[in-house]
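Q: Using the sequences and the hints given, assemble the complete structure.
Listed in order, the protein sequences are those of chains A and B. Just so we're aligned: 57 in our numbering is position 57 of the first sequence, and the numbers increase by one with no gaps anywhere. Just so we're aligned: 321 in our numbering is position 321 of the second sequence, and the numbers increase by one with no gaps anywhere.
What the hints contain is simulated information worked out from the structure, not anything from laboratory work. For clarity, every value in this text was computed on a predicted model and none was experimentally measured. Please note: incorrect hints may appear among the correct ones.
Note that the list lumps identical chains together, so a pair holds whenever it fits in one copy or between two copies.
Said to hold, decoys possible - Simulated crosslink set (DSBU-like; lysine-lysine; CA at most 35 Å straight-line):
#1 Lys-248 <-> Lys-8
#2 Lys-80 <-> Lys-145
#3 Lys-80 <-> Lys-143
#4 Lys-256 <-> Lys-168
#5 Lys-303 <-> Lys-145
There are 2 protein chains.
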Amino acid sequence: MSTAVATKGLEGIVATSSSICWIDGDAGVLSYRGIDIHQLAKHSTFEETTYLLWFGKLPNAAELAAFTAELSAARTISPKVIDLLRSVPTDATPMQVLRTATSLLSIYDADEADSSHDANVRKSYRLTAQIAMIVALFDRIRKGKPVVEADPTLTHAGNFLWMLNGEKPSETATRALDIALILHADHELNASTFAARVIAATLADIHSAVTGAIGALKGPLHGGANEATMRLLYAIDKAGADPVEYVKQMFAEKKKISGFGHRVYHTEDPRATHLRRMSEELGKAAGNTKWFDLSQKIEAFVKQEKKLNANVDFYSASTYTTLGIDIDLFTPIFAVSRISGWAAHVIEQHDDNRLIRPRAEYVGPAYPTPYTRIGQR
Amino acid sequence: MSTAVATKGLEGIVATSSSICWIDGDAGVLSYRGIDIHQLAKHSTFEETTYLLWFGKLPNAAELAAFTAELSAARTISPKVIDLLRSVPTDATPMQVLRTATSLLSIYDADEADSSHDANVRKSYRLTAQIAMIVALFDRIRKGKPVVEADPTLTHAGNFLWMLNGEKPSETATRALDIALILHADHELNASTFAARVIAATLADIHSAVTGAIGALKGPLHGGANEATMRLLYAIDKAGADPVEYVKQMFAEKKKISGFGHRVYHTEDPRATHLRRMSEELGKAAGNTKWFDLSQKIEAFVKQEKKLNANVDFYSASTYTTLGIDIDLFTPIFAVSRISGWAAHVIEQHDDNRLIRPRAEYVGPAYPTPYTRIGQR
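A: What follows is the structure in structure tokens.
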């Protein structure tokens, strides 16, 4: 053991085989079940993409209708979960609340003890529908607004905006969120998905795996990055500063700029392409391209100075802000999307399971270090 | 990517360096910070062992007194968490409840947003004290018994038994549980600890990491194994069967016997040695060695037939049952102990962090699979 060399962060190490997501970091390719993300962002919906992730193929019209009906029917939630949302302080962070409420969901799920393929699929519908509901419900509750009943006629993206804002969302806003959900739906063994698979590989249930994944997504190095990007945009705007000068100063102080670079992509993150476009389009539609303009200037400067590309987080910040979404809901919305990928990975893990249990390179005190009695220490 | 070969389950792959735990699977060695587990089981306490895991050395008398006082002072819990324990159905599994309540703890933790070394240590005291309390409190509540206030004069093991049973535990029972807690306190990158580190490596907070770890521990391939062992012992006893014949029949039906074999140990699990002895001693003290005798016969037969050694789970089943502990509390008690190791690993991860993000070997549909319109599917 002591001769082994640690691959810190498992960079480049293959942890499992999977048929869900293929990424070519050098060519900037992201694909779900072999289909390019650009095609899906252009033509697909979150519902169809989730079907693709879970079942391995695009649905025909009847399959999509059945899927949509099932997801919509899952938009009910135990009153006990709503009690929890009402009982926590209004300043609790939405990610803490989402992690806790998702764990609580399992207690009221009739399939909890069943981790068969079919039960996992049934629970995946409920988790997908209800994670979105929890995010919207808690935001209403913490703001002292009445909660909004789910509307079964709306799409997943549309219903989320409806339950969040209490008004029927525009087609532009719904489609923009729908595309953002497609883009964030899966990304191979990112840290939260890998956490979900490590947990599921003990044959723990899908709620345990997803609760752990939400915890991982909460970290600033994962889901928290677009919040940090938006905080930077706000800070520059508030200071009335020139964005290039501001970022130059940050670099001089050895500070990092969130939303740039990626462990896997060595070229443009293909998701950034769509989010940049959406940030611009939504800004123009709203008559306010301030956040887009700021973002673009920062992107150009960071690219020039550091040879770093904008990643998925960078333009999602201005996109979500232009959609009127609070900054601390960015990461929860990431979860609203990524649950589709987490579920696909847990189903795949349980279908052909092996415990995930690596080793550590031991660098501590030599064995055997003698045990000394307390009087002799 | 497509040429890579997946190391399924990351078996033998080094995922990180660590100075906490050293295992030699061939020689049957387990050590914490270089000190052999046999020494710790004989001479140490859970408090002292936890100090060792967190701070890297055995405490002197003053350090141990301060540590014990800090841990004891952390035996207070938000009434909101107790409300949750009262609100869930009495047939909710203790592991679901523990996972949810641990996640909820973070909402009432003043240090939640602070993942500095010192804040992590402060939160580790609270998590260690309060996970034990949650397990005991929920067991009382689900049985309709009044909850028991923590007793600051008792040790961690003693206070747990006191809060669980409502009577002062015997010295024998307290010491037996204390040893079990020492034996289970850490085990390098086992699945739950690895899950905790994957989550913590996004710089998510320690409550997120521990909540995920509890989810992983819940799986039948991890913490659930000693429950399965006890169910087997009950089944054999109920059937009045000969244990060797019973197990022979199970092997003929290609069934697995829980509590045997280990991913890392190729000889006797050093923890099994102590649990076997405790199972025997507690049985003799209680005037009932039925579970120990049954276990011993099964162990000998499995060893002879399959060349498999008993692991930590096998004799913990009869040990806990002889201590009067319900079968569905075995895994929660594993968490009551393992939190000390989880905390040590999260602290170590945050002290020198790198995102844990491996890759998958893609085995799905070829890229690019064309996107077809819905009418053409």
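Q: Which of the stated hints cannot be reconciled with the structure, identified by number in ascending sequence?
A: 4 and 5
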